[in-house]
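So the chains spell out like this:
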Amino acid sequence: MTRFVNRLGHILRTPHLVIGVSLIVALAYLVLMPFWEVIATSFTAQRADVRRIEGAEVGSFTLYYWERMLASPLTQRGFLQPLYNTLTISFLYTFLAMAIGVGLAWLTARTDMAFRRAIPDLILVPYVIPSWGIALAWITLFRSDTMPGHPAGVLQAFTGITVPTWVVFGPFPIIIVLAINYFAFTYLLAASAFASLDASLDDAARLHGASRWRILRRITLPITIPALGSAFILTFSQGLGTFGVPAFLGMPDRYFVLATSLFFNINTGRMGDAFVLALFIIGLASVTIWINTLVLGRRRQFTTISGKDTRPALTPLGRWRVPIGLMTIGFLLLVAVVPLIVLVMQTLTWRVGNFSPEHWTLHFWIGREMLGAQFQDRLSGIFFNPEIMRAAWNSIKLGVIVGLVVAFVGQLAGYVVSRGRGGWIARALDQLTFLPFVIPSVVFGAIYLSMFAQPRGPIPALYGTFALLVVVSVVKRLPFAARSGTSSMMQVSGELEEAAVMHKAGFFRIMRRILFPLTRNGIFVGFIFGFVNTVKDLALVILLVTPLTNVLPALTYSYTERGFRQYSDAVTVLIVAIVLIGTFLARRISRTDFSRGF
Amino acid sequence: MSTITLTGIEKRFGHDVAVHPIDLAVERGEFFTLVGPSGCGKTTILRMIAGLERPSSGILEVNGREMFNGRTQRFVGPEKRDLALVFQHYALWPHMTVFQNVAFGLAGRPKAEIKERVGRTLEIVKIGGLEHRFPGELSGGQQQRVALARELVTEPPVLLMDEPLSNLDAKLRIDMRAELKNLHRETGMTIVYVTHDQIEALTMATTMVVMREGKIAQIGSPEAVYSRPASLFVAEFVGNLPFNRLEARLGADGSVTGRGFTWPANTFSPNGGGRDVVIGIRPEALRLQGSTGALPLETRIVSVLPAGSYTVAQAEVAGGERLYVQVSDDATVEADGALTLYIDPNRLLAYDPATGDALASA
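If you read the sequences in order, they're chains P and X. For the first sequence, my numbering assigns the number -19 to the initial residue and increments by one for each residue that follows. For the second sequence, my numbering assigns the number 367 to the initial residue and increments by one for each residue that follows.
One or more of the hints may lead you astray.
[To be verified] Partial list, computed: chain P residues near chain X (C-beta under 10 Å):
no.	residue
1	Val(-15)
2	Pro100
3	Asp101
4	Leu104
5	Gly474
6	Glu475
7	Ala480
8	Lys484
9	Ala485
10	Arg489
11	Arg493
12	Ile494
13	Arg500
14	Thr526
15	Pro527
Hint data in this document are derived by calculation from the structure and do not stem from the laboratory. By construction, the Cβ of each residue, glycine as well, lies at the ideal position given by its N, Cα and C atoms.
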């Protein structure tokens, strides 16, 4: 008995065990339970379908949904086609994003290209625009009045050029827009692979008389290929559940991917079908992540920062040094600035499709409500529209709260993982915090919708509350925050903490005086990424918001559905503005070096 | 009464045994040094004493209080043990100034007292005036002194040190050894000191423990460990110059016969004779001049290695085995010359060739 009490007492006095167990319990409830819920729902007869399933009651076990998705006349249209579309898009956009990202990484890390020091900062600029915002801009830029039901776009209005419909809707624009959205991601992964190349390897080969080509083939590629392969797989996995872009660019053309198909099913009340699709998306994502760990092999995912600054010899570009540099910067500005300009132009047009300056108006920004407000040009401009202002305030509130919570929870999880290295608590927590990475946002939204629609145990029905949005966003942002927290905690030697323990400092004093000050950079990076991604996220919240808890991205979606194009574009620009101002303020307050957080 | 007592203390990591059950007692005022190659368990023992590592079994007492008991699973945390620890990598908090680092353990005391004690301690370790610098702005030696000051400022009765000098350059290390030794003498503190550097142990310790693979290889005063190593491992680990071995046969009469040399009966005590042995000789025990009773050894000089203050010669016996000889600076030896060496039989050591343990009879 004493033995047990003493042992328990020890565990209760070991902070990383206490925090670790609490986080595991919380995540089991917030991640594992929903996961189980999806599986269970896909095998359970739903109220809406009871009549169609032979001998079934509500809640009884059934293979109906699996059969319908996998072996019925519906399979081709409801499952195989979206699956095929998803894989096609994911492969092609990943290739494109890799080509751009790896190219940029090689140019900045291994050549003497002009302005290459500016690239790491500039590359983050397109990141402030939500991916579906670029999709909206794409439509506005290329649509033409030759397409049924569409007004003229910017291109047609200014040049008279019209493009075929497949350029505006369907797989082609989805691939391009996703590539624009993800090349920064592949760049960051590839750049770290190139940067981790030790110059001495290069020099050693050169001393043995190897040519540049031979060095590339025998040294650079073998060393970087696992990392590049991993970048490919991670980017690919992100495409499997992507929702926003195919929703805006695919659904009008009845071009469905798994995620939009799932959304469609839920909106039409077919939860069983939706969750079968959800399981497929999760399964595909898990397989890719598993392949990723095979590719990376036993190499450690975190490389510790060494003080040694050995720059590899740079490939000279000769007289192309400056032109290539200018083209690179031009490209980055193009993908960041042009979409914004196009969106802003549309918000200034009084009639959709009429871009001539004499018809420009600020009504959609600062106009006051006019009589007969069933038409969009009679509603108030976004700054005087209570619906939009409430959503803006909700978005800011959500972004800040999620950013703060996720930064600290990520740091605490990182503390547990780094301190309990090798123990089962650390490993379980590491896995649990990563799990949301393979659950696509729209699936998460769908699961939380069904799970929190009724009260569960001590937890009241959370549907329709702001708290639900906070919870789902925190969980979804956790993989990144926990990884970032782990890597920043790993860089704090355990001795620094032990030295404080020896001086009788308690857990809170150690956190306040030692660990948080030393991992400040990691905390702020966690905050900024939590904030930015939450403010931009459409897929996660689209199924969970209600008029009172609405946030800006979901509002954009509903304005687009209603055809209120100026409003949806103005709201998108407002989101970008919030992201920029929020990031700027956070950087000012923290003086965080953004690029070093990776 | 002992300040620190370990009884059957053991540490396992999974199936790996880091420290086999050991008994140790550190007396008040000792400079107690644990020395051994990396991975021998010395740091684990120190961390178990500090409370940073939890033993797997055994009993650990500090100042008469039971800190760990494997049977009851009683465990007292490091913060309640009244011990101070200097870390190998200093573990200075990089975001705090020297003053803040040193004052950390004095939290809660009056400001004036903190200021006075920090100032005084920095003077003791000779870095007065650096209060407002950050650790990153200091040299390695200065950082080492800050780390020491941070532990000294609370005036702990027991100071634990984990390889504190291993990151300093050779010259600074010698200075710091002298200073630590003075500090120990002046304060009368009990010091438990871990190092992989046998010279540090020999120069500073009052008691040294040589560890190997989680077990105690030998415990005793530095003089005893150096002159009567308990095993070939200890003999080779301790000492600056390589330890010489010669394979030989120990006769039943105590005579020794090797390849190219024969020593008379009763060179060793006859009991336990009639077996193969490894003869061990420290390089400085080989002399160029014989005194009464010295055993001769015919050799040929292979090479001469002057080292400034002394010269080392490599000599080959007729059987082909090579020995290192420390030659005093007034003697001259030349390569390829024949040389007769003389050994004081009292300084001869004999080991079991199979186990490497010292022969009790030797």
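Here is how each hint holds up against the structure:
| no. | hint | in the structure |
| --- | --- | --- |
| 1 | Val(-15) | holds, 8 Å |
| 2 | Pro100 | violated, 25 Å |
| 3 | Asp101 | violated, 26 Å |
| 4 | Leu104 | violated, 27 Å |
| 5 | Gly474 | holds, 9 Å |
| 6 | Glu475 | holds, 4 Å |
| 7 | Ala480 | holds, 7 Å |
| 8 | Lys484 | holds, 4 Å |
| 9 | Ala485 | holds, 7 Å |
| 10 | Arg489 | holds, 8 Å |
| 11 | Arg493 | holds, 8 Å |
| 12 | Ile494 | holds, 6 Å |
| 13 | Arg500 | holds, 8 Å |
| 14 | Thr526 | violated, 45 Å |
| 15 | Pro527 | violated, 47 Å |
The structure fails hints 2, 3, 4, 14 and 15 (numbered hints given earlier, in ascending order).
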